[in-house]
Amino acid sequence: MRTLITAIFLFNVLTSFGQKLTNKISDDICNCINKVKIDTLNSPNAATEFQNCFGKIVYYAGDLKKRNIDIQVPSDLDSVSEIIVTRLMKTCDNYLRLVTFFSRTSPDTTSFKIIDSTTCRIVRNGKFESLNTKETMITIMKENEQTVEYPDKKFYSKSKVTWVNDCEYILTFEKSTNPDIDKFYKKGDETRIKLLEIDGNIITFWMNSKGLEYIGQMKKIE
Numbered sequence: 051m052r053t054l055i056t057a058i059f060l061f062n063v064l065t066s067f068g069q070k071l072t073n074k075i076s077d078d079i080c081n082c083i084n085k086v087k088i089d090t091l092n093s094p095n096a097a098t099e100f101q102n103c104f105g106k107i108v109y110y111a112g113d114l115k116k117r118n119i120d121i122q123v124p125s126d127l128d129s130v131s132e133i134i135v136t137r138l139m140k141t142c143d144n145y146l147r148l149v150t151f152f153s154r155t156s157p158d159t160t161s162f163k164i165i166d167s168t169t170c171r172i173v174r175n176g177k178f179e180s181l182n183t184k185e186t187m188i189t190i191m192k193e194n195e196q197t198v199e200y201p202d203k204k205f206y207s208k209s210k211v212t213w214v215n216d217c218e219y220i221l222t223f224e225k226s227t228n229p230d231i232d233k234f235y236k237k238g239d240e241t242r243i244k245l246l247e248i249d250g251n252i253i254t255f256w257m258n259s260k261g262l263e264y265i266g267q268m269k270k271i272e
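All residue numbers for the sequence shown refer to this note's numbering, where the first residue is 51 and numbers rise by one.
No lab work stands behind these hints, which were simulated from the structure alone.
Every clue listed holds true.
Straight-line alpha carbon distances no greater than 20 Å define the calculated PhoX-like cross-link-like pairs of lysine-lysine that follow:
#1 K210 x K237
#2 K225 x K210
#3 K177 x K244
#4 K192 x K225
#5 K236 x K208
#6 K204 x K177
#7 K237 x K208
#8 K192 x K269
#9 K236 x K225
#10 K208 x K177
#11 K237 x K225
#12 K269 x K244
#13 K208 x K192
#14 K74 x K85
#15 K177 x K270
#16 K140 x K74
#17 K85 x K140
#18 K210 x K192
#19 K244 x K192
#20 K269 x K177
#21 K236 x K210
Given the sequences, and given the hints that come with them, work out the whole structure.
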C-alpha cells in the first residue's frame with residue numbers, strides 16, 4: 051500500500067524511541083487523522099491532509115536534533131515503525147480506514163479541463179507561491195532547474211527538471227539546506243508532476259512523491 055509504505059519510511063527516521071515518545075507521536079498522528087473528514091475523502095485536499103498528519107514526524111525529528119540527539123536510519127528498519135503502526139491500528143479507528151482508502155484510490159483528475167501545451171509553458175519559467183499548505187513555499191522554475199525556497203526558515207532545495215512533455219515533468223532531487231528535507235529525500239529521488247488546470251495565474255497539479263499521489267495548487271507571482 052503506497053500510503054503505508056510512505057508512513058513507514060517516515061517512521062524509520064528516528065533511531066530510538068522511549069515508550070512515552072512513541073505513544074505521543076502515535077496519539078498526535080491519530081488526532082490529526084481523526085480531523086480528516088471521512089465524507090470528503092474524494093476532495094482534492096483530502097490526501098494532502100492525510101499526508102500532512104505524518105509530517106508530524108518531521109517536527110519531532112527536528113526537535114530531537116535541536117536537543118543534540120543523533121538521528122540516523124536504524125539498521126532494523128521495521129522495529130520502530132511496527133511499534134507505531136501497530137499502536138495506530140489498535141487505538142486509532144480511522145487510521146486503517148484511511149490507509150486502505152488512499153492505497154486503493156488515486157486523486158480524481160478527470161474533472162479538470164483539458165489544457166493545451168501552449169498554456170502549460172507558463173510553468174517553465176517564473177516564481178510560484180504554494181497554496182493551501184501549512185508552510186509557505188516559493189518555487190522558482192528556470193526551464194531545467196527548480197529551486198524551492200522556505201522564506202520563514204531561510205532554507206532551500208534544488209532539483210533537476212526533466213520535461214516529459216509541455217504539461218508533465220519529473221523532478222530529480224539534487225540538494226537541500228533544509229535538514230528536515232534531507233532526512234526524507236536523497237540525491238536522485240524522483241517526483242513526477244502533471245499540470246491539470248491553469249486558471250489565470252493559478253495552477254492545479256497532480257504530484258506523485260515516493261508513491262503517494264495528491265493534488266496541489268500554486269500561484270504564479272512573477
